[in-house]
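*Asks:* Take a look at the letters that make up each chain.
2 protein chains.
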Amino acid sequence: MRAIIIAVGDELLSGAAIDTNSAYLSEQLAARGIAAVAHWTVGDDEQAVADAVARAAGSAEIVVVTGGLGPTADDLTRQGLARASGAELVLDEKSLAQIENFFRIRGRQMQPINRIQAMIPAGAEALQNTSGTAPGIASRLGNARVFVLPGVPHEMKTMFEAQVAPQLPQLTGVIVSRAIHTFGLGESDVAAKIADLMVRDANPLIGVTVEAGLVTVRMASRAESSQAARRQADAVAGEIKKRLGQVVIGEDDATLAWAVGELLRRRGQRLATSESCTGGLVGQLITSVPGSSDYYVGGVVAYADEVKHDSLGVDRQLIAARGAVSEEVAAAMARGCRVKFRSDWAIGVTGIAGPRGGTDEKPVGLVYVAIAGPAGVQVYRQIFPGTREVVRMRTALAAINYLRLALLG
Amino acid sequence: MRAIIIAVGDELLSGAAIDTNSAYLSEQLAARGIAAVAHWTVGDDEQAVADAVARAAGSAEIVVVTGGLGPTADDLTRQGLARASGAELVLDEKSLAQIENFFRIRGRQMQPINRIQAMIPAGAEALQNTSGTAPGIASRLGNARVFVLPGVPHEMKTMFEAQVAPQLPQLTGVIVSRAIHTFGLGESDVAAKIADLMVRDANPLIGVTVEAGLVTVRMASRAESSQAARRQADAVAGEIKKRLGQVVIGEDDATLAWAVGELLRRRGQRLATSESCTGGLVGQLITSVPGSSDYYVGGVVAYADEVKHDSLGVDRQLIAARGAVSEEVAAAMARGCRVKFRSDWAIGVTGIAGPRGGTDEKPVGLVYVAIAGPAGVQVYRQIFPGTREVVRMRTALAAINYLRLALLG
Chain D
1 MRAIIIAVGD
11 ELLSGAAIDT
21 NSAYLSEQLA
31 ARGIAAVAHW
41 TVGDDEQAVA
51 DAVARAAGSA
61 EIVVVTGGLG
71 PTADDLTRQG
81 LARASGAELV
91 LDEKSLAQIE
101 NFFRIRGRQM
111 QPINRIQAMI
121 PAGAEALQNT
131 SGTAPGIASR
141 LGNARVFVLP
151 GVPHEMKTMF
161 EAQVAPQLPQ
171 LTGVIVSRAI
181 HTFGLGESDV
191 AAKIADLMVR
201 DANPLIGVTV
211 EAGLVTVRMA
221 SRAESSQAAR
231 RQADAVAGEI
241 KKRLGQVVIG
251 EDDATLAWAV
261 GELLRRRGQR
271 LATSESCTGG
281 LVGQLITSVP
291 GSSDYYVGGV
301 VAYADEVKHD
311 SLGVDRQLIA
321 ARGAVSEEVA
331 AAMARGCRVK
341 FRSDWAIGVT
351 GIAGPRGGTD
361 EKPVGLVYVA
371 IAGPAGVQVY
381 RQIFPGTREV
391 VRMRTALAAI
401 NYLRLALLG
Chain C
1 MRAIIIAVGD
11 ELLSGAAIDT
21 NSAYLSEQLA
31 ARGIAAVAHW
41 TVGDDEQAVA
51 DAVARAAGSA
61 EIVVVTGGLG
71 PTADDLTRQG
81 LARASGAELV
91 LDEKSLAQIE
101 NFFRIRGRQM
111 QPINRIQAMI
121 PAGAEALQNT
131 SGTAPGIASR
141 LGNARVFVLP
151 GVPHEMKTMF
161 EAQVAPQLPQ
171 LTGVIVSRAI
181 HTFGLGESDV
191 AAKIADLMVR
201 DANPLIGVTV
211 EAGLVTVRMA
221 SRAESSQAAR
231 RQADAVAGEI
241 KKRLGQVVIG
251 EDDATLAWAV
261 GELLRRRGQR
271 LATSESCTGG
281 LVGQLITSVP
291 GSSDYYVGGV
301 VAYADEVKHD
311 SLGVDRQLIA
321 ARGAVSEEVA
331 AAMARGCRVK
341 FRSDWAIGVT
351 GIAGPRGGTD
361 EKPVGLVYVA
371 IAGPAGVQVY
381 RQIFPGTREV
391 VRMRTALAAI
401 NYLRLALLG
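Residue numbers (my numbering), protein chains in the order written: chain D, 1 to 409; chain C, 1 to 409.
Pulled out of the complex, with its shape left as it was, chain D reads as follows (with noise of 0.2 Å):
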């Protein structure tokens, strides 16, 4: 069972918005054991619709169809549909009664306009909308099931749910998707430990992917029932952490700083952190986790080297001798910022982000973490290429999973 999303609207094309509907109802179909195998977008364009809609319903069992129901002009996709279906627009009164009712209970007056929301093609079946004026439309076109949603996300939601859902067709087989996160591997590396387990066609179908600093394990598990599915799933998950070790931060939801937090607050002990190339990366990412509070006290960003002294007692000959950007400088920070906290661990960073003041000796992207804990400091030393921003990002991600790798240990 295969299905073509489609969505419409020019703010897509012209990249003033970012389609988030495909996505979702991507997830929703293949959790149902429908496989979407191309999503399209068009503009705000009669005839593209219908071609669009035409050839989708040519090669997929169903078509889902989101954005142009608006009551404005360069909304299209009803005619579109209509016109991929050599049928014409008739009033469908129920909804126009239901679009009425929507204006009259806010105390507005229906615009004019707003009566091309109630027309559907002749044949097709109107989907009510509960939360806005645009109904939806469910359609046939050739062996296809058409679906026509709004495009605005919770309004497709709402009726994805309520409406379309229940008439998709009875399958056996069901989709369980899972997402197991690593980080400090390379995306060739987790593969290379992994490839027997990524065959075409096997089930679980394995993937990797790099998201947002990590390398990600992908698996979509078949089975009739989801029971079985996820069964099936555990069954190679274990298989595939028990490879990659401590590599694996945790599963769909993980992030680092989660998984750093989980750990801190199963020991009941406190976290601290000074930040200089990072400039309180570090600490946004530790205190984007709900509850941070329970584990994280605070922290200082010493950007100037007057702070690092100042703040974290770091010794100005040491700055001077070594340099602000040196393994030395980045444990007295972090050594300081444990004391001066009163924190179980600490973490310190310095480097030079760039994209200037770098030298020879010391380049731009060259970082040192280093992490005080209770049996001492640690310092680490990476050179990280990329812009100021991947640089600064790639160094906190390394933070926050040398602290991870300190914990586990």
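Please note that the accuracy of each hint is not assured.
Straight-line C-alpha distance at most 30 Å; calculated BS3-like pairs for lysine-lysine [claimed, not checked]:
1. D:LYS362 / C:LYS157
2. C:LYS241 / C:LYS193
3. C:LYS241 / D:LYS362
4. D:LYS242 / D:LYS193
5. C:LYS362 / C:LYS242
6. C:LYS157 / C:LYS94
7. D:LYS193 / C:LYS94
Since the hints were derived computationally from the structure, they do not count as laboratory data.
Quantities reported herein were computed from a predicted structural model and do not represent experimental measurements.
Mind docking chain C on chain D? Use the hints.
*Replies:* Positioned in the frame of chain D, the structure of chain C alone reads:
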């Protein structure tokens, strides 16, 4: 001049990831007078990629493909392009040397599977990847120029800017793009002030977009010479800036943090930050600007109440009486921060980012921002809607903007 953008990736079709590349590319192309007429997403499937590329090349002059250039068995974009071109994949020695070097300077061993990343269709040209292992590909299919870029957004953007964009102007004639960024008015309010300039087919063509918290007026000026196009853009930009006044931050690469930095630099003044709910985000944004060490001293992430007292000198009884999230504590944080860091200006931020921790009196999203300066302290109260991430970002941007207005005032 028409473009079709193709995103490749099973993770996109499964809904596990959202395609942001196509919107970025559309915007970049539009700024150069090239209209994206469709976005297509296909899976990691050689035939699907080949079909999509061939079809796109048949109906657009520019085809940009992203994703599927990784080293693993499920990365099949280069094979798909080769199939569409009827060409063999051949080893590009220069690319191989670059990939080997990428691993060498990181002290890592190149895996044999990475060798595939140096393969390109015979007759095509490799595009160097300065921030990852996958080179891109520039090719020609029929009358279309085809560019294949990595799927990782920052690698894709770097490659587009450095190696694709310079190849585009010779295809299109002269279009000069300008962006005027604003903060403080909604999209429709900005549009209302310049509605008479936003005419279809106007030259410069003007649109309003919302990105990363800023409302941006975009202009595309078309003329026979870049000088004429720029002159034309300057005239309209001047009029737009006059109408919008102090909400204008700057043009093109300008950010709020950059604008504040310029104002501080001009005055020879220094800034420090103290943050609670934003956890370091204000400092991170301020230091995202290269050279920010000229005016940014540092900051305190005062997450725990004890840090507000110990590091910033906020009175414990004040925190007990008014609560950590209060006008008085925000003011005391900013005041204490200014003294501690001996800076001219200090920002103090406290609030409830959620999703928990809100009460009837102090709901989630309530934030206080204090700006301490030579003339005293001013506190602002806001209630921001949205997720924890959104509340934090809006708070940080608002804080930087309040400082900007204080510096302008």
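*Asks:* Take the hints in turn and mark each one as holding or not.
*Replies:* Hints, verified against the model:
no.	hint	verdict
1	D:LYS362 / C:LYS157	holds, 27 Å
2	C:LYS241 / C:LYS193	holds, 11 Å
3	C:LYS241 / D:LYS362	violated, 43 Å
4	D:LYS242 / D:LYS193	holds, 11 Å
5	C:LYS362 / C:LYS242	violated, 39 Å
6	C:LYS157 / C:LYS94	holds, 22 Å
7	D:LYS193 / C:LYS94	holds, 28 Å
The structure is inconsistent with the numbered hints 3, 5, although it conforms to all the rest.
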